[in-house]
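**Student:** Chain by chain, the residues run as shown.
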Amino acid sequence: MSAGRQSLAGWASVSPALLWTLVFFAAPFAAMAAVSLFPKDGGGFSLANYTQFFANPSYWRALTNSLEVTLIVTAVSILLAYPFAWILAFVVPERWQRLALMLAVLPFWTSYVVRSYSWLLVLAEKGAVNNALIHLGLLAEPIQLANTRAATVIGFVHFFVMLLTLTIFANLKQLSPNYRKAAADLGAGPIRSFIHVILPLTMPGIMVGAFLTFVLAIGDYITPQILGGNNELLMPQLIMMQIGRRGDFASASALSIILMAVVTVAYLLCARWLKIERA
Amino acid sequence: MARIVSTLYAAAVYGFIFLPVIVLVLFSFQATLFPIPPFTGPSLRWYEAVLRDARLTDGLLNSMLVAVATSALATLLGFLSAWGFARFHMPASALMRGLITLPLTVSYLIIGMGLLILFNWIGIPKSLITAGIGHVVINLPLCFAIIYSQMGDHQANVERAARDLGAKEWQVLLLVTAPMLWPALFASFFLSMTFSWDEFVIAFLLTRFDTTLPVEIWNLLRAGLNPKTNAVGSLVFGVSIVLAIVFELVAFRKRPA
Amino acid sequence: MLSFRLGRRLAGASFGILALYGASAANAADELNALVWCDHSDPNLLAPFEEANGVKVNVKEFEGTGAGLAIVEQSQPGDWDVMVIDSIDVRRGVDRGLFAELPEDKLPLGDLFPEVRMDDMTVIGGKRYGITEKFGYNTIGFNKSKVDAADMQSLSILTNDKYKGRVAIYDYYLPVIGLAAMSIGKKTADLTEADLPAIKEVLLKMKANAKAVTDVVSSQTALATGEADILVGGGEWVSAVIAKENPDLDFSVPDEGAVLWSQSLAMFKDSKNPDLALRFIQYVLSPEGQARLATSSCYWGMPANAKAALNDEQKAILRFAEQPEFLKRAQPYPAPSEELDKKMQDVWTEMLQAQ
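Quick note, the sequences are listed as chains U, R and W, same order. So for the first sequence, this note's numbering puts the first residue at 9; every next one is plus one. So for the second sequence, this note's numbering puts the first residue at 151; every next one is plus one. So for the third sequence, this note's numbering puts the first residue at 14; every next one is plus one.
What the hints contain is simulated information worked out from the structure, not anything from laboratory work. Glycine included, C-beta positions come from ideal geometry on N, C-alpha and C. Be a bit skeptical, because a hint or two may be false.
Unchecked claim - A partial selection of chain R residues facing chain U, derived with a Cβ cut-off under 8 Å:
#1 L158
#2 A160
#3 G234
#4 G264
#5 L290
#6 W368
#7 F397
So here's chain U without its partners, still in its complex pose (with noise of 0.2 Å):
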């Protein structure tokens, strides 16, 4: 094949997915960067819907609640799910592994709008768990547990638990025995061993799944919006109410960039984890 058809052929293939990514990825942000810095209220060029959100300090608090709410997730989801993670990969015998990790992908082919409503039930003062821990004598009265910030973390731990696992268990299972078997042979106990071997082996896992978590946490609506009960608002709930109140895309498009910018940042701090190789 010569080099000038082998370099059509190159482009041939891969002109498609750079199309799409350009019309339908890359065009609709530039146009949602134009649309922001038009005011609904009218007055042409502005830069009034960003000023907006750093002057007025109910805007501004989302930003706050929700990076709040996103690095708890975050945090929690990953000290749960590595102790978990590992139990499957060392503890649980290798035919049974599989089973396991099914059994624990399971119960998310629920659909995820029903899953928030019905932990929105389950946390009810009413509810399963306000009545097993009455039934059990560890409640007196029903505690106040739905329509919180709780309830939200609650909600996204329930889902991010099960992505973190995957990721933390694919690593792990990637790990030779060998470097456990040589760092104690070097004399270090199981904790060192740990701190020095283990978790730098595995920080890559870790930082791929808290990278998804806080991505996928951030930019949610339903959670906070099922189980938060409007005591709070989080940006995606802020977003969209500019356009469910009243069709402001102005507004709605300068908030989802200042979200955009955050997310940015993140992936920034975890750029160094998330390369994709060949194999």
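With chain U held as given, fit chains R and W onto it using these hints.
**Tutor:** Only chains R and W this time, still in chain U's reference frame:
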């Protein structure tokens, strides 16, 4: 001792993971109007209600259609581009690969919002097709990343051998490369299906009357409290389990026991 | 059967791709596109009309006029045939040139309760653009086995912390701002920007007592599951639909009054199917349509037509007999200008974000 702690811990995590789903399925058989304790069933009343609700059954079919069509397209585009980047020396290859994977790092809400504004501006009406376009945007980078990561040099050698034997480029791609990458293609397709099937916000923003199941469920949730929501959730669960079993059988039957 | 329908859909979709740049295929001659509140998507209401006329009614739900008008703004002319809109906001649709004049001689105007005809809102420039179909109150809904019904007769309950942590607030800024205004002696019809600081103070006190701020269905859920015992902004629309299962749910119209909500039907000027749109409006306002609408699965409400075919039990749940008394004390929704509307929404957002 460590074994007992491990077992207890794993049991607790499984309990947490299964709790809402067990409650969900149990109260789908509730006989009365509220899906909260005490349990008054079992009754199939709400399943009947779901199957009689044309909006929900249509939503189910629409979701299947969108999931299959967009996953097929995303896998095809991902495969072609992964092959192009792996086999040809492209200028600014890293930059272009970065562009294709970029949507992975963007929240669905922002992707949906951007498309809504673009389509609104050009005057393209909302439909299942516009939602499907959005689903390809979110799934293409995933398919590309999975397939690209599986493109090894040993496959290039086989392709070269096929070419030396006189195969045309499209024949190589279809008859040599694709079969060799079959597990990656299948994984891409299946993962895309999963994401598209359960995606809410893009479909919510970009469809009008004909819409996908998650959006219909959202509408249902806003139209009155009853265990119908539980019933439709349990049905989705059932369908998904069947698909998962099919996936198991197809994807892993070649593995030695 | 399923595979047949799937096949039809596949064919339809591939055809749709071809037609993407053609005219919107949505408005077939046998389809009616309705922009509605969720009470109109009940199959019990739509099915008789669809069967009698051999058509399909496509519905899209919204909550709040701003949201409804936003959907219209995102659509092409001719996409919609009819809209359910708060009576007070018919004027906003007319100002935007959206609605068509309705033929008064073809509608049962004489059968409507006179208090809810609201001609000052639905007749503009001598032409009728809307007709009231359903009404009710945004007031205090409560569980009478859990709270003292006597306390619910005064709007001072809004800021009283006797039931702290037992209260949910309906997440619609207009009626709740109206209630807050009435609790400090202001008239809903005369609100200006100068009233907002005092109203905000009431809202923040309400929020401090509240457990959640909930939409239509989560309001019902909150009362039904015992999450809340009082719903500010509630009324027959939330308690009636679940009264069969929980007869303790009730509502009061306090001495200071309540906010009257009233929905009207309007027809779009650019409708591609004006005859069918008119027939739909006639059906909804007929005694049968009115009964079905009044007892719709999403929320109940008083029918505007006094001849609605409701049975005695249904009338008792809706408190038919007390209506004259309630109507005397009721005030309409606040009707802010676009500018004041945005300010009200900002106050509302602030209330949501307050701890």
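**Student:** Does each hint hold? Answer for all of them.
**Tutor:** Here is how each hint holds up against the structure:
no.: 1; hint: L158; result: 10 Å, violated
no.: 2; hint: A160; result: 5 Å, holds
no.: 3; hint: G234; result: 3 Å, holds
no.: 4; hint: G264; result: 3 Å, holds
no.: 5; hint: L290; result: 6 Å, holds
no.: 6; hint: W368; result: 5 Å, holds
no.: 7; hint: F397; result: 10 Å, violated
Hint compliance for this structure: hints 1 and 7 are not met, and every other hint is.
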